[in-house]
Amino acid sequence: MSRSANTGDRGRAGSEVPDRDIERGPAIAVRGLSKSYRRMAAGFKMRTLKSAFLERSLTSGLSDAETIRALEGVSFDVPPGEAFGVVGGNGSGKSTLLKVIAGLLRPDQGEVVTDGRVAALIELGAGFHPEISGRQNISINGTVLGLSKKDIEERYDSIVEFSGLADYIDEPVKTYSSGMYVRLGFAVAIHTDPDILLVDEVLAVGDEEFAHRCLKRIEQHLAGGGSLLVVSHSLTLIEDLCDRCLWLERGRMREIGEPRRVIDAYRQAVAEAEGRAHREDLERATTASGVPGEGAADENDRWGNGWASITSARLLINGKEQYHLESGDEAVFEIETQAHRPLEDVVFGIAISTPRGIECWGTNTDIEGLDIGRFEGSGRLQLCCPALRLGAGEYSVDLAVHARDGTPYDYRRDLLQMTVGQRERGVGVYLPEHDWKLSGGLKQATGSKGSRCEDGVASSGATEYAEDSPGTDRSPKTPGRDRS
Amino acid sequence: MLQTLKTLVRFRSLLGSLTARELAARYRGSALGFLWSLVNPLMLFGVYAVVFGVILEARGGSSTDPYPLFLITGLFPWIWTSASLLEGAVSLSANAGLIRKAVFPCEVLPTVVVCANLVHFLLALPILLIALGWGRFEGADVLGPATLLLPLVVVLHFVLLVGAAMGLAALNVHFKDVRDLLGNVLTLLFFLAPILYALADVPNEKLQTLVRFNPFTPFALGYQSLLFRGEPIGWELWVEMSGLALAALFLGTLIFRRLEDTLVESV
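Line by line, the protein sequences are chains V and S. Every letter in the first sequence is one number past the one before it in this note's numbering, and letter 347, counting from 1, is 347. Every letter in the second sequence is one number past the one before it in this note's numbering, and letter 121, counting from 1, is 121.
Honestly, the hints are just simulated from the structure, not real lab data. Please note that the accuracy of each hint is not assured.
What the hints assert, rightly or not - Far from chain V, by Cβ distances over 12 Å, these chain S residues were calculated:
(1) W36
(2) V39
(3) L56
(4) I79
(5) L86
(6) A131
(7) L199
(8) P232
(9) E260
As the list claims (entries may be wrong) - Lysine-lysine pairs mimicking DSSO-like chemistry, simulated, CA-CA at most 27 Å apart:
(10) K6(S) / K149(V)
(11) K6(S) / K150(V)
(12) K149(V) / K174(V)
Backbone N, C-alpha and C define an ideal beta-carbon position, used for all residues, glycine too.
All chains, please: the whole structure from these sequences, using the hints.
And the structure:
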């Protein structure tokens, strides 16, 4: 077992830590890690070289204005056998963290100690030479990743089989598609038998079939006691795969712990940020023009004769203003409206559509038989949906106030934008409550967790489905890793 | 320096495969393949032999033996030198993808370039020896028992190149100017080295001192002594060559070690 440390301590980087008779500690121990990058502005060249030469660092001696903090005070442990996920927006320091753990980058402060053989799947197929064959590249890439000639010979067949590229293995890799490139890269990397696997967003590249094969292999790696650190924007992947999760924000640890909780908190923050941006947009639009047909509002987005206007609208999810919801959440569309003259003939309408213009749902007060009667001054209207079961995606909402014959007083297109996430599988824009029932020759296999129809009671619901990982092909799990 | 050497020895199989890759990739898809490694130096040799030997009537010093034989003994080692340094200087920047994504000892990359060009040199060596052998058969006083010491010179030359390529490669990551600067410096060094002319034929004493200070000069003199004149090398020259080789290795690895930590971020 090789223990190695990557420290901010100049001059003893990559030093092998003597393997004393200690109990097996964490597979990855990250302690107070900080890392800055230098801004690539012109004019620092000579100084940079000097500091690189004397201090072995590009950033020492630079002021804060000249550097960018990628990581700040990050600490955590990954015990052997654990799957650890890292989430965060672009530029939050996820990849830097991975590269420091892999030993590619030197931290400015703090240290990383890894216990065991590390394989970093960062950009697969990096270092493949385009002119030579897949076969030759396997042996060179394997050597780069630390395999001996004998190791490579032994594993060669298995690598080719895993990659599924047997027919093309003697062609120069410049003829490969990008997907084939990644397949070969993953196949070689996974065959280095790592104790610690570092994965950066690579599963997104291959096709579905290959992604499944990779996941299966990663599960095997975990089942065999290996550790995993995965960085991904696919929150469902992290939620399904990981035992613990870290949320990085601008290089700092925002939350760490049970993936479900951390990811929900992350989603919530994203939704709040989107909501803020959306409210600002709304404010700009409403202050620009209180009445349709006047001011700067785009004619394509707003029209009507101005007898009444929709002054603002908000979306309340589970009682809180936000513009992201999970499918099945309670949603309330709240409309503030004002009549500019007394009206006897008022209808309020709503239409929800996808960005490509597919109308998912539309209704108004008139067709549903709600007679408003006389309307003067201002008022508030709420449309409540106890469970808005839209499929995952983006939606925009049109709101209008008009006469029964359709004459618009104020029609506001795309007034609200919202994003919907979904925890259950299934595709489309609508996810009705449902269940499967089997009878006759059809029986549910024992151990299957697909259906939960007992005594004919349909009990499917988004939140309940999310409790266990979808019953597809997510094979072996060690007892210790089973979430109940 | 020792740490770098240890790394190179530890990763010798990687060094071997990467050198093989370099060689395999270079001639892949060309009809003449490996023959190009012979054709290229021969072309250059032909041009210089005609221009300097026939048109300008250059002579290989006091020796009366044919000028082309003098020229070829200095030219082939020079081609190894200049190709190694030019390609070596960009070896890290050219493999940025690999360096940034795989944990991997970067010092092998400049070394691979020197090794690949050593292979070319060794492949061209038989031509050189055949030419000299034929000259001897025709009555020229070339080659001799001292020629057997050639591997020693090649080893020292190799050490010099590995050190220089390593330092240049690391510097070039931070300063892309290195490559262009190097092109000019190499041209200068070529004409200031006793390759096209013999050291004794340099008329001006100051100029002769300048040529004497060219780091390639001792090696040119060494090759010429063993191959063209077939005479043993004096101990002063051995000391000079060893000193230069070790100095280059020391300095090159020092620069490399110092810049190593910042390579991944800068490349």
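Quick rundown of the hints versus the structure:
Remark: the non-interface label on W36(S) is consistent with the geometry, its nearest Cβ contact in chain V lying 15 Å away (cut-off 12 Å). At the 12 Å boundary, the C-beta of V39(S) stays outside the reach of chain V, the nearest C-beta of that chain being 20 Å off. For L56(S), the non-interface assignment is confirmed: its Cβ lies about 41 Å from the closest Cβ of chain V, beyond the 12 Å cut-off. Listed as a non-interface residue, I79(S) keeps its Cβ farther than 12 Å from every Cβ of chain V; the least gap is roughly 23 Å.
Remark: the non-interface label on L86(S) is consistent with the geometry, its nearest Cβ contact in chain V lying 20 Å away (cut-off 12 Å). At roughly 33 Å from the closest C-beta of chain V, the C-beta of A131(S) stays outside 12 Å, upholding its exclusion from the interface. The Cβ of L199(S) sits about 36 Å from the closest Cβ of chain V, beyond the 12 Å cut-off, so the non-interface label holds. Under the 12 Å C-beta cut-off, the non-interface status given to P232(S) relative to chain V holds; the minimum distance is some 41 Å.
Not every CB of chain V is more than 12 Å from the CB of E260(S) (nearest about 8 Å), against its label as outside the interface. Between K6(S) and K149(V), the direct Cα distance comes to roughly 19 Å. Compliance with the 27 Å bound is thereby established for this hinted pair. The hinted pair formed by K6(S) and K150(V) meets the criterion: a straight-line CA distance of about 22 Å does not exceed 27 Å. For the suggested pair K149(V) and K174(V), the alpha carbons sit about 24 Å apart, so the restraint of at most 27 Å is met.
Consistency with the previously given hints fails for number 9 only.
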